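Enquirer: Each chain, letter by letter, is given below.
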Amino acid sequence: MAELADAAHAAAEHGAESQTVQEYITHHLSYLTYGKFPDGHWGLAHTPEEAVSMGFMSIHVDTMGWSLFIGAAFLLFFRYIGLRATSDVPSGIQNFVESIFEFVDAQVTSGFNYKNPYVGPLCLTVFVWIILMNMMDLVPVDWIPEIAMMVGGLWGLEHMSFKVVPTTDPNITMGMSISVFFLILYYSIKNKGIGGFLSELAFHPFGKWMLPFNLIIEIPTLFAKPVSLGLRLFGNLYAGELLFLLISGLLGVYQLPAHFVWAVFHLLVVPLQAFVFMMLVIVYLNAAHEPAHDDH
Amino acid sequence: MDITLTIIGQSVAFFVFWWFCAKYVWPLFMDVMEERRQKIADGLEAAARAEKDLELAQAKSTDQLKVAKVEAAGIIDLANKRGSQIVDEAKDKAKEEASRIIAGAQADIEQEVNRAKEALRAQVSAIAIAGAEKILESSIDQAANEDMLNKLASEL
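Protein sequence lines, in the order shown, are assigned to chains A and B. First residue of the first sequence? That's 1 in our numbering, and the numbers climb one at a time after it. First residue of the second sequence? That's 1 in our numbering, and the numbers climb one at a time after it.
Bound conformation, chain B alone:
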């Protein structure tokens, strides 16, 4: 084995290459890979966050759906109530109208009856006078009987 200056040359080369590698090569890859690691970590974190957001959104949407259902049920209830109220009101109004019509009709009828009675009364007095004339076969003093006849007619 012949040991020569080469051994020193190689030692120097060793340290120079080491220095070069530590200063100009290693950090480049270290940085790039650290950057990539960071990117991947960020990506994963974003994915996790998105998943959580999705979960939250789903929960929120179910909540809202529930609220909406309750609200809808309330609205339907209200509508039903209002509907029956309207129906009731309509019935009441109809009844009122009916009783009003009935009352009007009765008043008409009464009026008619009164009018008929009036006519009848007039005719009765005439018939009574005619009958009495026939019975007496003589003319009665109109003026003397007028009071009696009117009294009779108002009694009818």
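Same shape as in the complex, but just chain A:
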């Protein structure tokens, strides 16, 4: 806790002397970006403006890196435990991993009514990965960025941004939700046939004489799925992170109790959002496996 206080204090002083609160927050909400400069060469952006000038042809090294690191660490850890798992009475850590596994499996079994051996692993991956990415939110907001700035200073990047929570990057959340969207399309067409899939869009809910209205209703519904899925997760975590930043930027040395209260509250949001994401994946994929309606 002393470190936390120190870091917070340093940040507060830092903010008071050289940065306004707005600058402090903006800095924390910017990404460490590697991309193509307008003049054509590739490199790390030194300022947020440079990062913006890169447009689409850039990659957020920080959130992407954390996302990959967390995902790989979780999967390797689970594999490590799985390889040592026995069917006897499970020991502590195996028990813990198994309880997560069983929890996810129970959700899939109850929510997904068709046979598809890949849905379980998908849900496990999504659930644990998102929980862990969200949990990065609970690391005090200045720890890792300050360390990153010290390391970055060695290469002349003493003001570099370093975002720690991958799920506060819409690229990360939308990257996952769009992947889920493609899965919805893939499984819909696979199970209903392209005709069945299109007829669901065109002839529902009002029958074939209302086709334009059906399309007006169904097409936005279809596209709303990935958008709402990705933005819900992003919005919740972004808001949570922003509040941590506000507390850190505005409250000075008296911020600790506020941090604590918000962290406790956030402890509910972290698994809840991961759970919501997983449940919606199950619901969407279940709908994609439903046989085509042939009553029209």
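Bear in mind the hints are in silico, worked out from the structure with no lab data behind them. Remember, it's a predicted structure, so these values are computed and weren't measured experimentally. Mixed in with the good hints, there may be bad ones.
Simulated crosslink set (DSS-like; lysine-lysine; CA at most 27 Å straight-line) [unchecked claim]:
| # | chain 1 | residue 1 | chain 2 | residue 2 |
| --- | --- | --- | --- | --- |
| 1 | B | Lys-23 | A | Lys-190 |
| 2 | B | Lys-39 | B | Lys-52 |
| 3 | A | Lys-115 | B | Lys-69 |
| 4 | B | Lys-117 | B | Lys-134 |
| 5 | B | Lys-91 | B | Lys-66 |
| 6 | A | Lys-115 | B | Lys-23 |
| 7 | A | Lys-192 | A | Lys-225 |
| 8 | B | Lys-81 | B | Lys-69 |
Fit chain B to the supplied structure of chain A, relying on the hints for placement.
Expert: Below, chain B alone, put in the same frame as chain A:
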């Protein structure tokens, strides 16, 4: 919102992680838990079987006990019968022996009586001769009376 290549990177990561999980993580736990489920099912089945076996064994033991009781009762009956038979035989034998002894005793007695009669007869004839001698005060011709006396003695 700045959408960048990150979104594609994350999509790729998503599919790679999914594939890894489906191939190298999920089956491990699935297998272990299926194995454990099987073990538990086997255990429960064994327990049920043991319980049934116990029930059968108990039923069998009561049956055997019943049979044994019946057998024991039969044996006791037989023994009782044999016992009374032995007693009866012994009684019969004893009676036989008793009657044999009685018969022997009677024969002895008869013999004794006969012997006494014989002696008595001899003495009677002597007494009769002596008496007759006294009465006659003379000697009788022994040879002449011998027949008459013997006749008399055999009549006694």
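Enquirer: Now tell me if each hint is right for this structure.
Expert: Hints, one by one, checked against the model:
no.	hint	in the structure
1	B:Lys-23 to A:Lys-190	22 Å, holds
2	B:Lys-39 to B:Lys-52	20 Å, holds
3	A:Lys-115 to B:Lys-69	63 Å, violated
4	B:Lys-117 to B:Lys-134	24 Å, holds
5	B:Lys-91 to B:Lys-66	37 Å, violated
6	A:Lys-115 to B:Lys-23	17 Å, holds
7	A:Lys-192 to A:Lys-225	19 Å, holds
8	B:Lys-81 to B:Lys-69	18 Å, holds
Hint violations for this structure: numbers 3, 5, all remaining hints satisfied.
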